[in-house]
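*Asks:* Each protein sequence line maps, in turn, to chains A and B. Sequential numbering from 1 applies to the first sequence in this note's numbering. Sequential numbering from 1 applies to the second sequence in this note's numbering.
Any given hint could be a false lead.
Here are the computed lysine-lysine pairs in the DSSO-like style, where the Cα-Cα straight-line distance is at most 30 Å [to be verified]:
(1) B:Lys7 <-> A:Lys528
(2) B:Lys7 <-> A:Lys30
(3) A:Lys298 <-> A:Lys323
(4) B:Lys88 <-> A:Lys106
(5) A:Lys172 <-> A:Lys30
(6) A:Lys106 <-> B:Lys116
(7) B:Lys7 <-> A:Lys23
(8) B:Lys7 <-> A:Lys587
Hint data in this document are derived by calculation from the structure and do not stem from the laboratory.
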Amino acid sequence: MKRIGVFVCSCGSNIEGAVDVCKVVEAMSKEPYVVYAANCKYMCSSSGQELIGKAAAEYELTGIAVCSCSPRMHEATFRKAAASAGLNPYKVEIANIREQCSWVHKDTAEATGKAITLAKAAVSKLCRDEELYPQSFPVTKRALVIGGGIAGIQTAEDISNAGYKVDIVEKKPSIGGKMAMLDKTFPTLDCSACILTPKTVDISHNENVRIFSYSEVESVSGYVGNFTVKIRRKARYVKEDLCTGCGLCAEKCPTKNVPNEFDLGLGSRSAIYIPFAQAVPKVAVIDPDSCRMLKDGKCGLCSRVCGAKAIDYSQKDEITEEKYGAIAVATGIDPIDVTPFDEYSYKNSKDVITALELERILNAAGPTNGRLVRLSDGIRPKTVVFISCVGSRCTEEDERGKTYCSKICCMYTAKQAILIKEKYPDTDIYVFYIDVRAPGKNFDEFYRRAAEKYGVKYIKGMVGKVCDENGVLTVKAADLINNEQMMIGADLVVLAAAVEPDKTAKALASKLNASIDGNGFFNEAHPKLRPVESPTAGVYLSGACSGPKDIPETVAQASAAAAKIIGLLSKNTLESDPCTAHADELKCSGCSLCANVCPYNAITYIEKEFRMPDKTVKIRRVASVNAAVCRGCGACTVACNNGAMDLHGFSREQILAEVDSICS
Amino acid sequence: MQLNGYKPKIVAFCCNWCSYAGADLAGSSRFTYPDNVKIIRVPCSCRVDPVFILRAFGGGADGVMICGCHPGDCHYTSGNYHTRRRMKLLFSMLDYLGIEKERMKLIWISASEGEKFASAATDFMNTVARLGENRRLGDLRCKSKTEQN
Ligand SMILES: Cc1cc2nc3c(=O)[nH]c(=O)nc-3n(C[C@H](O)[C@H](O)[C@H](O)COP(=O)(O)OP(=O)(O)OC[C@H]3O[C@@H](n4cnc5c(N)ncnc54)[C@H](O)[C@@H]3O)c2cc1C
Ligand code: SF4
Ligand code: SF4
């Protein structure tokens with residue numbers, strides 16, 4: 001027998017001011033199944049909650065309807081109160097008679113009438129509430145970090161310091177990301193390698209951390225706390241555990257002059273190579289496209305010179321399967337392809353380069369050993385022109401670029417200008433900009449130092465064209481402040497190319513069931529309040545994969561993601577919200593309509609035995625909802641033509657009862 | 001609120017994350033709207049089965065609002081896209097059943113659009129009041145009542 005208690009809150013004068021609460025109590029006490037109705041000044045106060053407890057005991061209540069403020073305010077409070085009164089916390093319904101009644105209707109008769117209607121609807125829903133119990137499931141105490149840039153390294157380091165195991169999957173042969181390629185970093189000008197290398201070395205010696213370099217995520221299944229991930233370990237034709245990183249193989253390899261990816265093709269490497277001197281892991285890798293042995297079966301020199309017997313030409317890609325409780329995405333950013341910007345002559349002239357290429361040139365370990373020279377003739381440039389916002393802040397119509405601001409370019413342009421001026425003070429440097437964006441700690445000071453102390457000529461204006469006439473570059477631009485056209489003869493032009501998400505982001509997002517925005521950056525669960533979580537439970541965002549960021553911001557976010565993951569891994573079990581979908585196996589025809597609309601892939605199919613009236617056994621395919629994955633949106637319930645799918649907490653019967661009650 | 005002595009009944013389905021919060025904000029900002037509008041909370045607009053809407057019309061509602069997050073903002077990433085597609089079909093079916101299409105409204109209201117909720121509710125109430133009572137299914141009700149007697 002249903003025995004329902006109705007509690008009408010006055011909320012001081014907030015509700016009472018417009019709603020005649022006594023009338024509501026009176027009307028509700030006459031409703032079927034209602035055995036108790038009372039008013040209280042503040043239901044959310046401890047005395048209000050005690051009232052629930054007392055009434056529940058005295059009247060043996062089976063359900064509780066609270067007429068009060070929005071359930072978004074106090075649903076949790078009243079569920080707790082019901083639980084302490086010995087009721088199932090899901091046998092609670094709230095009629096929102098404050099935000100959606102007393103505060104929006106001035107006329108007392110009207111507001112009171114509506115309050116009664118809402119209370120009746122709540123009671124009729126309550127009569128159909130089931131007892132619900134959260135499911136608990138175990139948590140695998142290991143995290144996966146996808147991407148081994150500074151973000152991935154920081155996240156892994158923090159998680160491992162908390163005592164949990166972490167694996168890093170990095171698609172390149174070594175970790176470090178963009179930061180490993182930079183020369184110095186703004187705004188303090190410390191050397192990038194000097195601050196990064198200790199971290200990469202530490203992480204490689206950390207016993208809680210495994211680094212799967214030259215590897216990619218193949219597939220992901222499961223759910224928060226219980227992911228199963230298949231990782232493709234690409235064949236590097238070198239046994240990682242045997243290679244000592246001596247580099248003899250690369251020295252002896254007869255195939256030289258392969259463009260070096262790490263130097264963006266500005267330098268060359270051999271067919272077997274170690275990407276750069278401080279590479280972690282320091283293990284050689286054979287590029288199968290240029291190796292003579294792998295292409296034609298002739299050579300094998302490296303295997304003969306390798307003292308460690310690490311070379312294995314027969315190596316194949318391997319797939320390993322691992323289990324994780326949480327996943328951090330740290331796939332970072334890449335500069336866009338600037339070749340479509342014909343006006344800057346990047347394609348035609350060797351002396352028009354991107355900012356990342358300049359980082360390699362300025363880097364002492366780079367293709368020119370840190371000497372600033374033109375790539376066309378090896379001569380030091382006397383006049384350098386920087387063009388900012390190449391491909392950033394474009395109009396919607398310009399498909400070559402991005403509409404957003406890449407955020408880091410103004411600052412690294414100032415940095416590169418200062419670095420050149422430090423080394424070669426007689427260089428003439430121009431920076432063309434739309435506006436300089438330097439909103440960070442010591443950022444604006446840094447940019448002003450470039451302009452004021454180092455004499456870098458900042459010119460507000462757009463470059464219309466970079467002309468390349470027989471190797472002589474002329475930059476044609478408009479100076480918007482002096483309102484004049486400019487022609488500058490330049491020896492070197494540097495393009496501050498926009499950054500975009502890694503090319504693999506989209507495919508990875510679909511494997512993880514995480515979402516990306518129109519630009520391909522990973523979406524946050526909430527852009528302001530949950531910036532390091534993806535909308536998919538258990539998948540976190542670290543670093544620049546969710547939007548352009550500089551190193552300090554990247555690291556801060558990476559640590560924030562780690563903190564969230566540590567919070568998750570510290571739990572032995574997780575409890576799921578029981579308001580999930582469930583299929584009635586007798587009605588389900590196994591048609592897959594529901595699985596097609598589920599945004600979380602929560603629905604799978606199982607073979608189920610059914611005993612038929614004639615005693616035969618029939619096996620049918622039926623839908624089965626994984627309660628740990630289902631988020632309770634209800635999309636599947638409407639998709640199901642057979643009425644087999646329903647949602648706990650918002651069942652068909654409950655909602656129809658509310659509809660009927662309101663319409664009657 | 002009454003118009004010409006008749007008080008339209010309006011059911012509004014609001015998704016928990018955007019529209020219901022928007023309606024709450026209308027309350028906390030004291031943007032008034034007609035008391036005829038009664039809200040039913042659902043997790044997502046995609047939980048609204050066309051059957052619920054037909055049941056409301058059959059039960060005596062003169063208008064039904066379905067409110068969800070803006071496209072692209074769904075808390076469950078894609079729920080409101082399903083809603084949009086499903087309701088398009090229902091609109092054409094309402095026409096076929098002889099229920100004026102204007103009696104049903106699909107509208108996107110975010111958690112920060114309290115004023116929009118209040119004005120949408122007011123506008124919708126005025127539209128429905130102009131249309132008058134929902135006779136088409138009202139007749140059905142009378143019939144079943146006489147049958148009962
Ligand atoms: C020219 C230039 C100069 C800069 N100068 C500065 C500076 O002076 N100071 C500063 O603070 N910031 C600077 N930055 C910004 C800085 O590079 C970024 O803030 C930083 O690299 C972001 O780190 P991240 O780890 O998020 O991404 P990344 O460094 O891009 O690292 C991402 C890593 O993930 C890997 N990865 C990608 N996809 C996958 C996948 N699907 N599976 C496995 N692995 C994957 C990549 O190979 C890479 O190793 C500069 C950037 C540029 C372009
Ligand atoms: S309620 Fe939503 S999340 Fe749950 S199974 Fe159905 S569609 Fe998937
Ligand atoms: S849509 Fe309905 S009938 Fe089809 S598989 Fe899903 S639950 Fe079963």
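*Asks:* Each hint needs a verdict: does it hold in this structure or not?
*Replies:* Do the hints match the structure? See the list:
no. : hint                  : in the structure
1   : B:Lys7 <-> A:Lys528   : violated (42 Å)
2   : B:Lys7 <-> A:Lys30    : holds (24 Å)
3   : A:Lys298 <-> A:Lys323 : violated (41 Å)
4   : B:Lys88 <-> A:Lys106  : violated (36 Å)
5   : A:Lys172 <-> A:Lys30  : violated (72 Å)
6   : A:Lys106 <-> B:Lys116 : holds (19 Å)
7   : B:Lys7 <-> A:Lys23    : holds (21 Å)
8   : B:Lys7 <-> A:Lys587   : violated (41 Å)
Going down the numbered hints, you'll see the structure goes against 1, 3, 4, 5, 8, while the others check out.
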